[in-house]
Each structure stands twice: as structure tokens, then as C-alpha cells.
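Peer 1: Chains as they are written, first to last, in the numbering used here: chain A, 1 to 155; chain B, 1 to 766.
FYI, nobody ran anything at the bench for these hints, they're computed from the structure.
Beta carbons: idealized from backbone N, C-alpha and C, even for Gly.
Hints are not guaranteed to be accurate.
[What the hints assert, rightly or not] From the structure, some residues in chain A lie toward chain B, with a derived Cβ separation under 7 angstroms: (1) 4; (2) 13; (3) 17; (4) 18; (5) 41; (6) 42; (7) 100.
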Amino acid sequence: MNRRRITLNVNGRDHEVWAVPSDTLLDVLHDELGMADVRYGCGEGVCGTCTVLLDGDPVNGCLTLAVQAEGHQVTTMRGLMGPDEALHPLQECFLRRGAAQCGFCTPGMVLTALDVVQRLGRPTREEIRYALVGNLCRCTGYTKILDAIEEYAGQ
Amino acid sequence: MTAHDLQPHTRSYRVVGTSPAHHDFVDKVKGSLHYAADWRLPGMLHGRVVRSPLPSARITGIDVTAARALPGVFAVLTAADVPSNEIVERASGGLAELEVTMPVLAADRVRYMGEPVAVVAAATPQLAHEAAELVAVDYEELPGVFDVEAARADGAPRVHEVGNTLVSWQIRCGDADRALAAAEVVVQGEYRSQHVEHAYLEPEAGVGWIENGVLTLRVSTQVIEHAAMIAHILGLPQSKVRVIAAYMGGGFGGKEDMTVEPYLALLAWHTRRPVRMIWDRQESLVASTKRHPFIMRYRTGAGRDGTITAQQVEILGDAGAYPNLSPRVLFAAAACACGPYRVPNASITSTAVFTNNVPSSAFRGFGAMQVVLGYESQLDQLAARLGLSRTELRERNFLAQGDLLPTGERLDTCVEVAQTMHRALALLGEPPQPSGPGKLVGRGLGCNRHPYGRTIWFRDRASAWLSLQADGTLLIRSGVTDLGAGQAASLGQIAAEVLGAPLDDISIYIGDSALNPPAGGTFATRQLYMSGNAVLHAARELRERLAPVAADLLGAPADDLEFAGGRVRAHPDGPGITLAELAAACDKRAVSTAHLSTWRAQAGSFDPRTGQGDTFPDYTYGTHAADVEVDTETGQVTVLRYAACHDVGRAINPMRVQGQIQGGAMQGLGYALTEDMAIEDGYVQAALFASYLIPNARDFPDVLVDIVESGEGKGPLGARGIGEPPIGNVAATIASAIHDAIGVRPDRLPMTPERILTLLDERRQT
Chain A
1 MNRRRITLNV NGRDHEVWAV PSDTLLDVLH DELGMADVRY GCGEGVCGTC TVLLDGDPVN
61 GCLTLAVQAE GHQVTTMRGL MGPDEALHPL QECFLRRGAA QCGFCTPGMV LTALDVVQRL
121 GRPTREEIRY ALVGNLCRCT GYTKILDAIE EYAGQ
Chain B
1 MTAHDLQPHT RSYRVVGTSP AHHDFVDKVK GSLHYAADWR LPGMLHGRVV RSPLPSARIT
61 GIDVTAARAL PGVFAVLTAA DVPSNEIVER ASGGLAELEV TMPVLAADRV RYMGEPVAVV
121 AAATPQLAHE AAELVAVDYE ELPGVFDVEA ARADGAPRVH EVGNTLVSWQ IRCGDADRAL
181 AAAEVVVQGE YRSQHVEHAY LEPEAGVGWI ENGVLTLRVS TQVIEHAAMI AHILGLPQSK
241 VRVIAAYMGG GFGGKEDMTV EPYLALLAWH TRRPVRMIWD RQESLVASTK RHPFIMRYRT
301 GAGRDGTITA QQVEILGDAG AYPNLSPRVL FAAAACACGP YRVPNASITS TAVFTNNVPS
361 SAFRGFGAMQ VVLGYESQLD QLAARLGLSR TELRERNFLA QGDLLPTGER LDTCVEVAQT
421 MHRALALLGE PPQPSGPGKL VGRGLGCNRH PYGRTIWFRD RASAWLSLQA DGTLLIRSGV
481 TDLGAGQAAS LGQIAAEVLG APLDDISIYI GDSALNPPAG GTFATRQLYM SGNAVLHAAR
541 ELRERLAPVA ADLLGAPADD LEFAGGRVRA HPDGPGITLA ELAAACDKRA VSTAHLSTWR
601 AQAGSFDPRT GQGDTFPDYT YGTHAADVEV DTETGQVTVL RYAACHDVGR AINPMRVQGQ
661 IQGGAMQGLG YALTEDMAIE DGYVQAALFA SYLIPNARDF PDVLVDIVES GEGKGPLGAR
721 GIGEPPIGNV AATIASAIHD AIGVRPDRLP MTPERILTLL DERRQT
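Pulled out of the complex, with its shape left as it was, chain A reads as follows (with noise of 0.2 angstroms):
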């Protein structure tokens, strides 16, 4: 297969890499760049466990091939962190509500979070549920994240 080198930037810094066009970011992100809070859940774009911002829009992504983020911002959760691991206000509010109980959906629920609350300023808590539709979570029952974002959007 015809590899060939891109060069994604990822929470703010260009790294190069070979990849083939099929090659999800996903796979890039996850395998390549040991980015670890990038998650396969289902490879459909069901689940969200893999969403990433792409110049600051959730994406998944399974969905979306290494090659099509070139020349684009590409965020994961870390990349919301302050130096020292400082923790973005919004993951405060997770850890403070307890809203992550195995943590495997949590980087995409709080990407999407963020989004919403960038979009609407202070959504309702209906308007943050419509939000997390792409974003599944097995554990919590959700009511734990919604109070977190809502801590959140309120501050």
C-alpha cells in the first residue's frame, strides 16, 4: 500500500507520521502517537469513545481518515490541559460531580461538553443531553456528567 508521510497537528504541536489513506485518525492518533484518551469503541461513529475536535468541531475519529486532517487543528481531551497536567475547569467539574465511573467515554464526553458549551454559553440541560447523543456512556446512568457540565456552563 502506498504510505506516505503527513503531518497532523495535535493539541498544538506538528507531528509527522506515515500513514496509508485508508488509515483512520483514530488509528493514527491511538497506535502511532500513543495517544491514549483517543479510544476505539466501535469503529461506527456510534459510540464516541474516539471523538477528537477538529478546529474545534467534535468529530469521530473512526470516521475520519489520518489524510483528511492534514493541514488541520486536531484536540484531544490532553490537549484542554494546562501545563503540569493542570486540569481544564471543565475536567474539575467531572472529578468534583464524580462523573466518570470506568472513564472510557469520558475524554469524548468532555469534548463534546465543551463544544456545546462553547456554541450555546449556558445550555439547559436538555439542550446538553441532545449534545451527548453521540456519546455513550454504560456506566454513570448520565446523570452525574449532565450536573457536571451544567457546574460547568454556569461558571
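Place chain B on chain A using the hints.
Peer 2: Chain B alone, transformed into the frame defined by chain A:
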């Protein structure tokens, strides 16, 4: 206590009863936790399983030539390459079931769609995929059987030569036939549940390698003790297999049986290279174990005052093609079939039947959750027949401490189910009004009795090791595996409570069969009960050893000492000494600051012939309540409000307790209303995750939680287990609310709009 009131309310404890954010929470919100798939080693290969596309067939030939010839392929293994090609699971401990083993790789016969036939390892996941496609298997289709009742009929195709009835449990007390004949009222019903997918968001995954001659697997598993079975399969000494459990991205029982382990083991052992295996979601949907569909037939007799006199229960569970944990699941169903009610005359039969469906096995609730729909539906029907309120009827029949269960066991802890019922209903507030014409509203409730701890004849035990380090910090080592429910974190809180080390000074090492004392797996709502008690006892024993040294330094009696805030004090206001100073003093006096403790659960035995004996150590009781609206035009059920209350004995970490209850209730709502892992003639119908509907954030309302703390559980400090119990009540609660709204009782899960419309049609016709 409401969902937003997390203040410690147990003044006698400092750490227990609070909700600190533990190490695992912090890693999870940072995204820095390394799950099973996040592990990479030099030269690592990628494994893939070749699976049967047919539910029942003879294998007439396997040709691996083309697959082996593909460049970049390192191994293509079939049954002939497995040293001991059997997975032996005697889930009843050999008490009652047929002896049937499951091959690691099918040799001459496949019994379900998705059964592993071969396994490959290649340099990349894509190459492994291609190689798997090149494995040519010739099948000759055989007749299969896909329905439990068809499987029990004379002349049914045999899934295994020895027969299709895997196990049949009987529990008997009194004379149910006679009492039913004499009963003033008898209600009966048949209730059916469906195959259900665990749908943990992390698919089955792991990495295997060989280090110092030891086969090491780091996998997403609830049970590191499978190391012994892996050694058996490879013909290795048990000392040469090590299993490390990564923190799981959910398990819910689906990672209680082995998943990737035997395949990784074979490939790593054969290639001598590290191998990673991740099941595709679509592969997991087809081939992973499911929750047993049940057929439950109930007959309940009562006096006119509502006192239950007898109950007859027949349960049939679809085990699928292999035993897995079915014998134990069906036992739990039998032991819990009468719920939290006094039934003086009972006759319970619970049978697991082989079919050519994908194997069923452990899934949160483990048989005890399916039967709630049965016994609660019977109670509601009885209330309607007698013109009694549903709560009044229940209060007349609730078990109390000292009562006998149908197995002849006496309940030796308190039963606060009535309190949970009143509190759950109170959380709902005023009944809602219909939102428009054609809409009907209803309120429902469902109570349950759910065991925590293993079936009692397994003589369960768990060990834990604590060590006070020279600098006064604390290590905990425990073989516990962590599903995400805080299994490790709660151990830290218990140790902190007893030894006074600040939580930030405690590190917890878990889930390693080589380096941790065994804790048993994380299942059966057993780890707080078992490892919680092990850590509590280890901490108390260690404190007893350290206290005389501290007492000597402080010039005070050992009994007066307080261990808190990283110090030991003789008086609350005194400076005392630090734990580091205590550790140094112990070192000088050759007093060990490390301690291993093994805690044993109460033991007992069960006689399968008489249906009498001991079943489980204890139970968690609870009630859920819901308001629903039914659209009579579309059959759509909207859950308007949902409330749950359980007696957890003592909430070690109230926020995590709420999380378990909220999450369990949400999984239960999916089970009740949307989730159906339909299998037609052995073929799984949900080929995509998109076609299996687990609840999303919009589907259901928030789950309101109230917690009762009776202080009478058998776990540490009086705690009861809460992992599984809250999934049990939900289907019965929703059925009860729909019944209240439309006047007809749903008896089949999931309660889809189509089924509700059928019920509405039936109502119009009668």
C-alpha cells in the same frame, strides 16, 4: 440523602462516608489511564480470531496454507495446535450440572455462530484481518436448536451428546401444590426476557508476552484467577502464567469468563513475540456472552387478606451452546425467585438448556435480576385482584429478620425493604398529569432482594497485604480487579479510616496474579464484601501490632491511641507522632510494618436433592419507583420520573454508591424498554452497534437516589454490596407503571411500542 447532598453523616468515621476523588478518578478525567488496548511492546504482533459463520455445523476441513503463506503472517493456529483444547467450567462446583467442556478452538464441530475455529497473528491488524479471511474452513451444516422449549422436546437435535439440559435446580419447602389448591386467590403469569448485550464501551482487549519464561497477559478481565485455566490449556505449570488486569472500560459480567486470554496465550506462546488482540465491536456483538433470556412461569396463592401462602415457579434459561456460568446463574434465579416476600410453601424449578445460540453467562444481576419481573408482576396482579394497594399488599408479605427463606435459611440481618419502598415513592412527588389527549400516565414500583457474595458452598476468601512504608505512606496490595465502580478506591478509604494514613499517601496495587495476594474475581457483588473485609481486618491487625510501639513512644495505653491525619495521638489535641516516626521506631524494634490477612466468608452447603440448604451470605434490598406516560396512538412509553432507594448498610463512598444505583437503573431501563439482542435461528441480528440500542443521554430522565444505611450488612463496617442490585428492579417497575397507566400487564421484554400497542388492542377487545 439526595443526589446532591454528599456530606458525611456518620460522625464516628472520618474517611468512610465521604466521597473523595481517588487516583482512578483523577487518571480517568485526565485521560491518562492505560486500558488493555493501550499497551505496546517492541515487535508486537496483532492477533485475530477466525469464527464460525454458522450456528451448527460439522467441520470437514481447514486449509491454512494460503493464510500462512501471506507475508507478515507469523502464526495460523487451529485445534491441532492447542496442547489441551478445553475450557473447563464447573460453575456449580460440580454439584449438579452436566459435564461439558468448551474447546478453545473448535476441532470438528461448531455449535454457535461466532465460535472460534482458528487464530492468527500478523505484523499489522490489517494483515491479521487478511490472513483470517484466507483461512478456508469447510462446513457441513447440521440441524440446530434455537429455542429452549424445542431443545427439551423429544428428538430435538442434541447440542452436546450428553443431552440438552445442562442443569435443573429444585428448591422446595412446605407443600406448594396443596397450598395452591387451598388458596383463596391464585394468580398466574408467564414472563419472558430477552438476550441482552453487556455493551461495555471498551471492547475485549489485551496484550500477551513472555518474560523470564513466564507467559504474561495484560487484559481487560474481571478475573485474574483464569491464569490457572490458561496454564491448563497450554500445558504449563501454573507458576508460568501471569495475568494482569488493566482497569476495565466496563465489564458488567461480560469479562468474568475469559475473552481474549486463551487466544493471546496461544499466539504469544507459539510465536514467542508480544501479541495484541482487540475484538472488533461487531465481533463482540456476535460472539461475546449474553444475558440469559428467561421464560418464567409463576403461580401464586394467597388468602383474601393478601397473605401469600404458596408460590410455584418454573424458570427456563437459554444457556446457549456451552455451559459457561449458566449453572450458577440459574441457581441464583431459583434462590431469589420469591423475592423479598415470605412464601411458606414454595416449589421452584430452574433449568438451563443448551441451544445453538451464542453462550449466555454472567451479566450484572446474574439470574436474580430476571426473576424480579416475575415476582413483582405477581404481587401487582394479586393486589389488583384483591383490591388492595400495591404497597399495602407488599407490606403484608415483606420478609423480616429471623424469617425463613424457601431454602430453609434464616435471615440474620435486618430487612429494610419497606423503608426503601416508601422513600423511593416519596422521591417521585405528586403524580403527573397526561401531556395531551391519547396519553395515559401511570406510576409503578418494584422491590427486590439481591444477593451479594458468592454462592456459599464455594467457601469464598480474599487476601490483602498492607505495608506502612518508612516515610509513613501506605501500600495496599490486593488481587482485586477494578471495573470502574471504585473497587480499589474503597479499599483505600477503609485502610485510611483504620490506620490514619491520608488518602493521598496510599497507593493501591491491584489485579496481578503474580504480585498480589488473591482476592477472587470482581463479580457477584463480592469485592466490597470480601476484599473490603480483608483490608479492614488487615488494617486492624496491623494497627494492633503497631499500637504498642506508639504507646511506648507516647507513654499512653495502646487502647487510647487515635490514628488519624497521618499521626498517632494519645490525646486529640496533642502533637502525637507521625506515621513515619512510628515506622522508624518499628524498624528499630524489629516490628514488621507489613501484614497479610486472609478473610473468609461464612461457609455452608446446599443439598440439590432436597432443595434445602445455604445459598448466599446476605442480601441487599431496594425499591425503584417510576412515573411513565404511554402514548396510546404509538405505544411509545416515556419515563417521566425515576427514583431508586436501596439499603446499602453503610455507604463507604456515597457518591460512588449513587453512581452504582444511577448506572444500574439506566442499564435496567435499556433492558426494560429498548435493548434486544435478537437471535434468529442462531444468527445474531445486530450486526452493528448502531442497531443495538443502549440508552443515550436523551432517552431517560435523571435517576433520583435515596440511600438507607441500616448498618447491618456483612461487608466492612456494616456495608452491603450495591454493584448488581440496582439493575434488578427496573423492568418490574416500568411494567408496574405501564400496568397502572393502561390497565394491562406487559409480560415480555423489552416493552417496545409494538408490544404496548398489542396490549392496548387486547384491552380494547376484552
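Peer 1: Each hint needs a verdict: does it hold in this structure or not?
Peer 2: Hints and how they fare:
{"no.": "1", "hint": "4", "result": "violated, 16 angstroms"}
{"no.": "2", "hint": "13", "result": "violated, 16 angstroms"}
{"no.": "3", "hint": "17", "result": "violated, 15 angstroms"}
{"no.": "4", "hint": "18", "result": "violated, 12 angstroms"}
{"no.": "5", "hint": "41", "result": "holds, 5 angstroms"}
{"no.": "6", "hint": "42", "result": "holds, 4 angstroms"}
{"no.": "7", "hint": "100", "result": "holds, 4 angstroms"}
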